[in-house]
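Participant: Construct the complete structure from the given sequences, taking the supplied hints into account.
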Amino acid sequence: MHTMQRRRTLLSALVLFAAACLVACGGERDDATPATATTAPDATPTASPSVATATATEERATPTRTPRPTPTPRPTPTPRPAFEVPPGVDSGPISDSEAANLLNAFIHSPVDGPGQDALWRIAAAEDQRFVAVLIDMLFARLARLISVGPDRFEYGDALDYLTGETIGYDYFSWLRWYGATDLVPPPGYLSWKGRLLANIDERFQDFLDDQHASAIRVEEIVWGGVRPDGIPPLDLPRTIAPAEADWLGSHEAVFGISINGEARAYPLRIMDWHEMTNDVVGGVPFSLAYCTLCGAGIAYDGRAPNGEMYTFGTSGFLYRSNKLMYDRLTATLWNQFTGKPVLGELVGATDTEGNPLQLNLLPVVLTTWGDWLAQHPETDVIDINTGYYRPYEPGAAYGEYFAESSTMFPVWIESNELGLKNFVYGLRIGGDRKAYRLTAIAKERVVNDAVGDQPVVLVAARGEVQTEGRNERIGPVVYDSGGEVRAFERDRFFTPGDGPDALLDAEGGEWRVTEEALIGPGGERLERINGHLAYWFGWYAFYPDTEVYGAN
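Taking the numbering used here, I'd label the letters of the sequence shown as residues 1 to 552.
All the given hints hold, so there is nothing to weed out.
Capping the alpha-carbon separation at 25 Å, the derived lysine to aspartate or glutamate pairs in DMTMM-like fashion look like this:
id	residue 1	residue 2
1	K340	D235
2	K443	E547
3	K443	E515
4	K340	D432
5	K340	D206
6	K340	D301
7	K443	E527
8	K340	E547
9	K443	E404
10	K443	E489
11	K443	E468
12	K443	E417
13	K340	D182
14	K443	D371
15	K443	E464
16	K443	E516
17	K443	E507
18	K443	D480
19	K340	E353
20	K340	D229
21	K340	D209
22	K443	D491
23	K443	D501
24	K340	D545
25	K443	D498
26	K340	D210
27	K340	E414
28	K443	E510
29	K340	E220
30	K340	D351
31	K340	E308
32	K443	D505
I should point out that these hints are in silico values taken from the structure, not numbers from a laboratory.
Facilitator: Given below as structure tokens:
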């Protein structure tokens, strides 16, 4: 079972309570070690599939309707009794030492009694510190990580009782509700959560430990449906020349990276299955971290302040529907979107200038293979024979998700200024953040603007990229993959020139678009400003104070 299927199974289990499906999902993992001499399926390029439609002239037989039998009346379901605490349960304040015992009762008891008693004790004390605990236990019951103690209905009823809400046992709704509160869990919560999720994989308790410093609200960390490196990164992937990539269509989406004159393409048909590559281009080690759920492919410089090199893997956790990655030096969890360490040894660390540690952005574009090759005829491309067996075809991994307008996991910080999955190009300059709606800047081709005090020009003259593919679940799919955007410093006003890689200044001088800078007619340079694409919901979840260009 592959990544998208696992996550879909997880969602089905949580929403429809098909817990048996999730058990199968949790019990299977991809081996993060490439199989020897294993290659992708048939790499022969195929035409873009399309949905077959019947013509208006087709003759169809008139169906004969069979009368339906009269349905048997269903008995009226017996309403569940309201949650009640039995008489005699201690309602006094819960000390920290007692809180530790209550946490253990939920996951370490082989019988029903202790967990039920713990639930009544918490409810009697009306101790809202345990709301996060009960939400996690609701998940554990839905996923059948725990098979004794209160059932999902009782946890839902107890949550309603503690909070005054009427959400019941809707796990995702509780996640959204909790995110908007300022509740704090009891001491020992993080290590307890690690022990709970160790029922999926023991490595989770190494990530989730109260000894680790944290820069995020740990209650919002959720399991993403895979084990650590269950989505295996590509480390120094083999590359091939363009002439060998006969499986790659000119219209297909690729991430393009060019550093120090060396160019490389990373097709999304491959990256959708791996979401991370640790590579070296132009002598610079970097990680291309791709969060499929929030549409963000971000290139980070891998050079650590102490002279070592960061490489990253997939933790299996999500935070606000964003991938939490981990570095292999310290096993610290990092926010893929911000490039900051959020849980572990490196939280609070500084760079050589004394600033809080943060990964530096490198230039990356989302474009088509044909356009990238035309701009960089010397480019290479990663090989489809990765050593992993995957159906490396457009749309095979996440085509269904990419084609729909909803998110797969809940995010409580939302804005209707744009559609949830509208693509934006985000710039972070100093303390200022600005999101440019891709549709708007692609239509204008050249945008003269400013982010804070920094004048910028954005070039998006090649428009947007659309992918046609096929998904095993739903068949042919068509979806937006992003578009080619570059941003540069600006000291004058620009207009589109002759061709997508040329700009004109007010005097008619022609400036060339390169990967490093805008180059003027006299050799003048305006340096590139690194940014990246993302779905609007992903950008807004971490930068709610952002400015927006091209809003509805």
